[in-house]
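Trainee: In case you want the letters, here they are:
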Amino acid sequence: MKFFRTSFVIPALIIAALITVFFIFYIDVYLKKAFISAGEAAFGAKVEIGSLKTKFTNFSLNIDALKIGDKDNEFKNFLDIDNINFKARFIPLLSKKVIIDNMSIDGLKWDTARKTSNKLPAKKKKDKNPREENFLEKTIKEAQKQTIAEFNSFPGVKKFDEIQKQIKDFSPQSVVDMAGIRSVSKIQTSYVDIMGKYDSYAKTINSIDVQTQINAMKTAAEKISGTSIKTAADAANLKKNLQDLDAGRKELEKTYNDLKAVQTSIAKDITNQKNMFKDISSLINQDVDSICSKLSIPNLDFKNISRMLFGDAWVNRAGKVLYYMEFIRKYMPEKSKEDENKTEVKERMKGRDVIYPLKRGLPSLLIENISVSGTTGGEGKENVPLAFKGSVKNITSDQKLTGRNTTFEITGDDAGQKIGLSGKFDRLTGIAEDTIAFAINCTDAARFGIPETDYTPSLEQAKSSATAEFTLKGSDFSAKSDLYIYGLIYGGAKEFPEADKNISKYAGSLWQGINEIKVSAKIDILEKSGLNLAFSSDIDTILGRRFNNILKAAIGDVKETIKKEITLYVESQKKVLQSEADKYKAKLQKEIDAKLKDVKKQTDDIKGLISKKENELKKQAAAALIPSNLLKK
Amino acid sequence: MFIAKLIKEILKILQTDISPNQIAFGAAVGVFLGLVPGIAMKCVFFFLILLLRVNIGSALAACTLFGVLGLALDPAADKIGFFILNADSLVPFWTYLYNAEIIPLTNFNNSLVAGNIVLGIIFFAPVFFASKKFISYYRTHWRDKVIKWRVTKLLTAGILSHTILK
Numbered sequence: 094m095k096f097f098r099t100s101f102v103i104p105a106l107i108i109a110a111l112i113t114v115f116f117i118f119y120i121d122v123y124l125k126k127a128f129i130s131a132g133e134a135a136f137g138a139k140v141e142i143g144s145l146k147t148k149f150t151n152f153s154l155n156i157d158a159l160k161i162g163d164k165d166n167e168f169k170n171f172l173d174i175d176n177i178n179f180k181a182r183f184i185p186l187l188s189k190k191v192i193i194d195n196m197s198i199d200g201l202k203w204d205t206a207r208k209t210s211n212k213l214p215a216k217k218k219k220d221k222n223p224r225e226e227n228f229l230e231k232t233i234k235e236a237q238k239q240t241i242a243e244f245n246s247f248p249g250v251k252k253f254d255e256i257q258k259q260i261k262d263f264s265p266q267s268v269v270d271m272a273g274i275r276s277v278s279k280i281q282t283s284y285v286d287i288m289g290k291y292d293s294y295a296k297t298i299n300s301i302d303v304q305t306q307i308n309a310m311k312t313a314a315e316k317i318s319g320t321s322i323k324t325a326a327d328a329a330n331l332k333k334n335l336q337d338l339d340a341g342r343k344e345l346e347k348t349y350n351d352l353k354a355v356q357t358s359i360a361k362d363i364t365n366q367k368n369m370f371k372d373i374s375s376l377i378n379q380d381v382d383s384i385c386s387k388l389s390i391p392n393l394d395f396k397n398i399s400r401m402l403f404g405d406a407w408v409n410r411a412g413k414v415l416y417y418m419e420f421i422r423k424y425m426p427e428k429s430k431e432d433e434n435k436t437e438v439k440e441r442m443k444g445r446d447v448i449y450p451l452k453r454g455l456p457s458l459l460i461e462n463i464s465v466s467g468t469t470g471g472e473g474k475e476n477v478p479l480a481f482k483g484s485v486k487n488i489t490s491d492q493k494l495t496g497r498n499t500t501f502e503i504t505g506d507d508a509g510q511k512i513g514l515s516g517k518f519d520r521l522t523g524i525a526e527d528t529i530a531f532a533i534n535c536t537d538a539a540r541f542g543i544p545e546t547d548y549t550p551s552l553e554q555a556k557s558s559a560t561a562e563f564t565l566k567g568s569d570f571s572a573k574s575d576l577y578i579y580g581l582i583y584g585g586a587k588e589f590p591e592a593d594k595n596i597s598k599y600a601g602s603l604w605q606g607i608n609e610i611k612v613s614a615k616i617d618i619l620e621k622s623g624l625n626l627a628f629s630s631d632i633d634t635i636l637g638r639r640f641n642n643i644l645k646a647a648i649g650d651v652k653e654t655i656k657k658e659i660t661l662y663v664e665s666q667k668k669v670l671q672s673e674a675d676k677y678k679a680k681l682q683k684e685i686d687a688k689l690k691d692v693k694k695q696t697d698d699i700k701g702l703i704s705k706k707e708n709e710l711k712k713q714a715a716a717a718l719i720p721s722n723l724l725k726k
Numbered sequence: 038m039f040i041a042k043l044i045k046e047i048l049k050i051l052q053t054d055i056s057p058n059q060i061a062f063g064a065a066v067g068v069f070l071g072l073v074p075g076i077a078m079k080c081v082f083f084f085l086i087l088l089l090r091v092n093i094g095s096a097l098a099a100c101t102l103f104g105v106l107g108l109a110l111d112p113a114a115d116k117i118g119f120f121i122l123n124a125d126s127l128v129p130f131w132t133y134l135y136n137a138e139i140i141p142l143t144n145f146n147n148s149l150v151a152g153n154i155v156l157g158i159i160f161f162a163p164v165f166f167a168s169k170k171f172i173s174y175y176r177t178h179w180r181d182k183v184i185k186w187r188v189t190k191l192l193t194a195g196i197l198s199h200t201i202l203k
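Protein chains in written order, with the working numbering: chain D, 94 to 726; chain V, 38 to 203.
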């Protein structure tokens, strides 16, 4: 004791004892507050701890009932853990190093329901520039927007309903100006043409003065009929008159022929018009096509329905995994080999720090092994719970010091359901590479969070199997997944009583007989080539074909209605115009017939008279012994 | 006031019969406290001063003196420290210490810390022996004269000095 100051040692020991007592009785309270505060800062939602107990004899920590709120869902827990227990090594703690050999996490659950809100009280906003999003974050948001837009376009099936309404309420007059329809226009033009022709025929008929001709002939005939042959001079005079009468007859016959020609033309025109009406049906068909092209009949791209249906859910899942991969990357940053071996000189205000390579030392954080157990069920979850267990190995701030990657493997097999989750976070190579693989079998399809619509089968009773792999290498993110859903039933109107019946009918036709879906999805976000989102599914072809058939049938119905309406309109127009034309034609026909009859009668009379008079001349000549040579002359 | 307090403390040490060894050892350890920068190292040396039966007054006096002197010695200490921290033959040793537990907390890998520890080691023995010799010489030749000085009386007077120094 000669070398030591007792007046210092005793008070120092008393102070140390007091500090120990404080730690034993009060450290748990402060540590709990510190954990909650750090957790809330990291997760952005309320963190609750049931109890926290430390033991200084073995430096162990035991946390019960840890609940971490989900910042995106006020009444849900992101994580719900029954118990966490671990023991830290003492000596490294003095060097600010946390080294844990074994840790256990029991009763791990997620997405469990909360009774109270997990929102944190609003904090004053700091005048801090918001963190700029990196390339991956920006691109995944872009992909999310894209898939949401695609999902929203899915109710394009609704357009069936629009078609249906168009059929029901269709009126060609409301769609186009009927005068502009070619078939109607043709009818009208034809009417104008024929009426013009009839006008021309009327003029021709009127210009032929049949009565004057007949009167002249009658006068001449009367004159000849009263002539008696007594002398040779009478005979010569009669003969001359008969020749004049014959010339008049020929003139009358020409008039007859002219009238006959007009009559023939009218008949020909009627035939032509009838032929034209035969062609009008092809014009009506052309008009129907033309009107259909003007209607807003949908042309929906149904080639990639799987992308529309599963795109949003898939990109959201990939986005969530990427968020956690980046979260891990933040706390396990990559470090090159050069960084590891370099002796670095840092200039500072006082002196210079010489940094030596850390070789066999311990990292600032090392958790050698975490045994995890939990369940996929939990409060507020309706699915059949599946118990799982596994381990996480080598969580460290510097893998190069431990020489091992961080890995995890979790498996569960219960009541026919199987789940497998494994991952590797590699910081041993120059480029950081994180991989998470996931496989699930015979699980409820509803848990994939694919939104229910009136147009798709319900996933309520369906089961599914899925595999997925997510890789973040450097700044390149890629993910692929295969999903198999079976036991699908499209309930239609029964399932969605509030849905439109027409939509249910069309959607029912689409999904009839399809009770399973296989989808392969891929998303790549590469620094060089940007975003690449690919989906393929067996339902794409089937539904695409069915949709087109339904669309064709619906368009066919519209066409039929349009054709019927146009034909009716054309027929009515034709009827009106035909009636007008027929009246005109009948009038002309009547006039012609009357004139032809008169001319014919007069011509026949004249012919008879000439024949009679010629016979009289012959008889007279024979009776009066008129030399036959004179008669011959 | 600090200077007056320091002078009073020094006079107290010189005028009393405290062992010269305790005073000299305290001064020698105080050299480290004054020279070596960084809270961690200062705490270590301060703890040693409190724990060991050395004279605290002489340690604080040496700390003050070498603390001021250290400002002038820093460029030299930086060079010495940087040299030994990068000496090829010593790098494995430093690397070992750097990878060891707790030791890195002392910031030994800082050029000023290392250089000043070297300077402290260099000054330790001379300060110890010089202090011891000075105390003996002072007590033999100067103590009786100094005690008669009015300033000494003023500074060492119990209540009066306390009042003045306040």
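You may find that some hints are simply not true.
[To be verified] Restraint-style ranges between C-beta atoms, simulated for each label pair: (1) D/Lys-95 to V/Phe-166: 45 to 51 Å; (2) V/Ile-40 to D/Phe-149: 21 to 27 Å; (3) V/Ile-158 to D/Ser-571: 30 to 36 Å.
[What the hints assert, rightly or not] Taking lysine to any residue pairs in the SDA-like style, the calculated list, with each CA pair at most 25 Å apart, reads: (4) D/Lys-95 to V/Lys-182; (5) V/Lys-49 to D/Leu-106; (6) D/Lys-95 to V/Ile-55; (7) D/Lys-693 to D/Leu-106; (8) V/Lys-170 to D/Ser-153; (9) V/Lys-79 to D/Glu-461; (10) D/Lys-517 to D/Glu-461.
Treat the hints as calculated values from the structure; they're not laboratory data. In this text, a Cβ means the ideal position worked out from N, Cα and C, and glycines have one as well.
Trainee: Decide, hint by hint, whether the structure agrees.
Mentor: How the hints compare with the structure:
no.: 1; hint: D/Lys-95 to V/Phe-166: 45 to 51 Å; result: violated, 21 Å
no.: 2; hint: V/Ile-40 to D/Phe-149: 21 to 27 Å; result: violated, 46 Å
no.: 3; hint: V/Ile-158 to D/Ser-571: 30 to 36 Å; result: violated, 59 Å
no.: 4; hint: D/Lys-95 to V/Lys-182; result: violated, 33 Å
no.: 5; hint: V/Lys-49 to D/Leu-106; result: violated, 29 Å
no.: 6; hint: D/Lys-95 to V/Ile-55; result: holds, 15 Å
no.: 7; hint: D/Lys-693 to D/Leu-106; result: violated, 157 Å
no.: 8; hint: V/Lys-170 to D/Ser-153; result: violated, 55 Å
no.: 9; hint: V/Lys-79 to D/Glu-461; result: violated, 36 Å
no.: 10; hint: D/Lys-517 to D/Glu-461; result: holds, 14 Å
Checked against the numbered hints given earlier, this structure breaks hints 1, 2, 3, 4, 5, 7, 8 and 9; the rest are met.
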